[in-house]
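Residue 9 in our numbering sits at position 9 of the sequence shown, and the numbers go up by one each step.
Keep in mind that the hints were calculated from the coordinates and are not lab data. Zero decoy hints are in this set.
Pairwise CB distance ranges (calculated):
| no. | residue 1 | residue 2 | range |
| --- | --- | --- | --- |
| 1 | P46 | G73 | 37 to 47 Å |
| 2 | C25 | V76 | 11 to 21 Å |
| 3 | F43 | H68 | 39 to 49 Å |
| 4 | R29 | P79 | 23 to 33 Å |
| 5 | S7 | D57 | 10 to 20 Å |
| 6 | Y51 | K78 | 30 to 40 Å |
| 7 | L42 | Q71 | 41 to 51 Å |
Even for Gly, the Cβ is constructed at its ideal location relative to N, Cα and C.
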Amino acid sequence: VLPPMKSFILPGGHVAVSTTHIARCICRRTERLCVNMQEHELFIDPLVIKYINRLSDYLFVLSRYVGHLLQVGEVVWKPRVG
1 VLPPMKSFIL PGGHVAVSTT HIARCICRRT ERLCVNMQEH ELFIDPLVIK
51 YINRLSDYLF VLSRYVGHLL QVGEVVWKPR VG
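Use the sequences and the hints to build the structure in full.
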C-alpha cells in the first residue's frame, strides 16, 4: 500500500503523523538508553533492545500509513547544497 521510500522523510504534515513520529523518537531514545546501560554492564536483556528496535520500525511505518490514510503528503528532507 505504501510507496517505496526514495529519500528521508521528516515528521509533519498532520498532527497524527507528527505524533507517531514523536512516539518513535521516544522509543529510539529508550533504545539508546538501554544500549548504554548494557555497555556499562547493567543487566538489559538483549531481547528488550531488539523489541524496542522493532517497535521503533513499526512506529515509523505506522506514521507513513497514517499519512497515507489521511491523504497527507510526506515531508521530504531536502539537503542544503552549496
